[in-house]
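Work the whole structure out from these sequences, hints included.
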Amino acid sequence: MRRFLSWGFLCAVLLGITLNVQAQTGPGTSDNDAALELLEALDVDSYRDKGEAITAILQSDDERARDWLQALLDGRLQRTGSGRFVVVLDNAGRNWPVEDALTHEPLGEMSRRELDRIGINNALRNQLRSAIAVVDLYSPSVERRRISAERLLGEVDGELVEPINELIAEEDDSQVRTRLTQAVAIYRAEQGEMEGVEALTGSLHPRARVALGRAAHGDDPVVADAARNALASVEQNLKINRGIETLYFGLSLGSVLVLAAIGLAITFGVMGVINMAHGELMMLGAYTTWMMQQLLPGQPGLALILSIPAGFLVAALVGVAIERSVIQFLKGRPLETLLATFGISLILQQLVRTVISPLNRTVITPEWMSGSLVINDALSLTINRMVVLGFALVVFAGLVLIMRRTRLGLEVRAVTQNRAMARSMGIRATRVDILTFALGSGVAGLAGVALSQLTNVGPNLGQNYIIDSFMVVVFGGVGNLWGTLVAGLSLGVINQILEPWAGAVLAKIIVLVFIILFIQKRPRGLFPQKGRAAEG
Amino acid sequence: MNLKKQALLGLSALALSVSFHASGNDDPIKVGILHSLSGTMAISESTLKDTVEMLIQQQNEAGGLLGRQLEAVVVDPASNWPLFAERARELLAQHEVDVVFGNWTSVSRKAVLPVFEELNGLLFYPVQYEGEESSANVFYTGAAPNQQAIPAVEYLINEVGIERFALVGTDYVYPRTTNRILEAFLKDEHGVADDDIMVNYTPFGHSDWQNIVSEIRRFGEEGKPTAVISTINGDANVPFYRELANQGIDAADIPVIAFSVGEQELSGIDTAPLVGHLAAWNYFMSVDTDENFDFIDAWIEHTGDEEAVTNDPMEAHYIGFNMWAEAVRKAGTTEVDAVKDAIIGVTVPNLSGGYAAMMPNHHITKPVLIGEVQDNGQFDIVWQTPSTVAGDAWSDYLPGSRDLIADWRKPMECGNFNVVNGSCGGSTAAEEAEAALAE
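Going down the list, the sequences are from chains L and S. Residue numbers for the first sequence follow this note's numbering, beginning at 1 and rising by one. Residue numbers for the second sequence follow this note's numbering, beginning at 1 and rising by one.
Check the hints yourself; a few may be wrong.
Claimed, not checked - One side only, chain L facing chain S, incomplete, derived with CB under 8 Å:
id, residue
1, 119
2, 206
3, 360
4, 364
5, 370
6, 384
7, 455
8, 458
9, 460
10, 464
11, 496
12, 503
Stated by the list, open to error - Partner residues are not named here, just some residues of chain L that face chain S (Cβ under 7 Å, in silico):
id, residue
13, 210
14, 372
15, 382
16, 456
Worth flagging that the hints you see were computed from the coordinates, not collected in a lab. This structure is a prediction, so every number in the text was calculated from the model and none was measured. Ideal Cβ positions, reconstructed from N, Cα and C, are used throughout, including at glycine.
Pasting the structure below:
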């Protein structure tokens, strides 16, 4: 009883509505007529009226209120043609399973056409989140209480302080306790109270820093001084966090460059074939991911994992086709190879445009790859980039192993160093050519699979990366896989360090100029090949 | 280049086309379509080509125009700005088309402008643009800044209560000019401080947004309500929104209002993490009118794709095409100068339940709608102007253009008339195009 009373009260305070607490009649009357009336008030055009309807639902003390609000927030609270309110349980696909909003009675599947969604806007979204946060403070689930406490940072006002302090005293979970204490401290600091400033000292959370910033401009000179000191004390820590963040951004951009360039490091670096269609092989890898997701609707994660071998195969097969049909006839004529493969790249692009669509395709990011990993209040790292970074390193390690430890790698190195000699030793040079090109192309396909998670899957995907790929290979030293790795990662980091102060356009130009100058000084790149192989 | 010779050539071509039309009145009316079907802009422009083809087909089924059938002449400028000028010349001089519907980017429009002025062609330009231009030969059926950007910012300030603005855009003519106007507007009209405005430009097709998004996040953590005003073009939007979602920036914390993201662009994105972000347009596919439903049905039938979406530039072509057809009917001929005179004041229905009128400055009246992204890739209209807004070619917020007006009616016939010193500045289109190409 007390719980419901107080959350109803809290909500009302939070929403800025004065509420007569005495008028509360207690929880869960389960009166479906009254409930229907509450929900009907939501089905209006004016967002202001909807806001009032939400407040009314909160004040109703109906125990289903939270479910309704959550469903409304998620866009799952809908109305059928006959006026019945339903909650959509799963809105993937064309037909959705629904249940009655009032009785929880399952109603089977309904199509989208039969349902009308209760729309909300950003203001209502905020209102709903705050409302749900206050309700959830009393939830038995620790997870919900944590989210709710997080949400309340900076949203506490004078009347909420007392009830929240009571909650802190009863709370078992230390994380929730810390957050709630901070939430109260933020309010106190903003009021210019020393106690709040002291509690916030050392906190990296942006809301805490805003509160301290306000306290630093307060009337009391002692408090203002303390607030300034508190801000200064975290300055160093913030700089370090920002440095780590930039490094991470750089490595992740670098890993994309490495992925894009590593296949080229095989076909161009090791075999010496200038393949301008390399980018389009990446594009094919990305389209394979899209195709797999189309084949396995509702399982984007599984589809993504299956596209790793599939993307490799598709790109490798197309690569072999290119090698057999064009490149093998142009051996030793780099200029012609360049032009011919450029033509192939245009053909592949237009082919995709005509056969599939000139429009970009939607590739869904699986749940486990979205969001970010929170390290501390000032630093969180995006998970999709982390996965791609790991993937790039695995692909790289795999390639190095193949080139160093397998028979194929040995043969490849033999054929590129001295073709005639290798052939006289019984190595089938043509077969090695095909396999090497397939390997390089397949890796491009893998890059495409990874890129589908970061950028657009469209006919132009390859074009955007082909120049960068060549740049990385040349910078790293042609024919050297390690060079490609180091070059890709360092170019990524340099770019991200430059970007904040030079802007994205200028940063790109500076990097390009830097590479041109570097190549002037060291034409063979960072890690030039040594020995007789380099002369061939 | 010998200008005189070119002008002579142009004149003779024109004379040829006039005599040609006079001789054979049963010949079809030729409608040129100048939209990229390959290259980077194909994503946006190819659907516009299909739209015009559909409108021509509908017009022919309804008996054509002046008793003649319409015929589409399609060329592909391949997203290559100088090629736009060549293809425009090909349409006007070689195919002798009566009207052209085309272009998307401002750079491409600036490139074809001298050609249309030299050969006296008609161009209907369907995309929202930065203004600061008015040509006798171009009809701007997309939004000028005062029909999109300015109302959108007013919505943010008045309805959402935003105090801090990040202006993020692709590095080319449209975002730079729009952001210049918006900066002046925010500072002069709303007293926004320099510190509360952040401006950032990125190259076309930018895909690594980590740093910029993290900068925006920090910019928004200063305790004031913050919004992003995005003039990011085309493909670059997908990785931008994805990065926003991954770094945990929600529409409820920092809403992004976009001027170049429509239903078409959203069809390439998983919109679940974008719900609540905003876009300002003059039309949304979700507009609830019978005209719109008819248009959508016709479009789905024309493309044969159940999932096909409609968007704002398509509506602009719909309006522009109907205006041109109405003007041709009014003038009784497809002759360019007659149509140019007849079209001013022509009023046709738009798709959002109102009417669009062609103003003397070659811009049209439009309602301004603000929509929030929904998880189904559509926009939910949350706000709209009470009546239509007339397009203003010259912004009232920039010092250089404040005093300029455009009026192509006789006797003024001037695209940049200075009301202070009472003189017509003459067309500066050629220099501007050169400057744009030089970029």
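Legend entry - Contradicted hints - numbers only: Every hint satisfied by this model.
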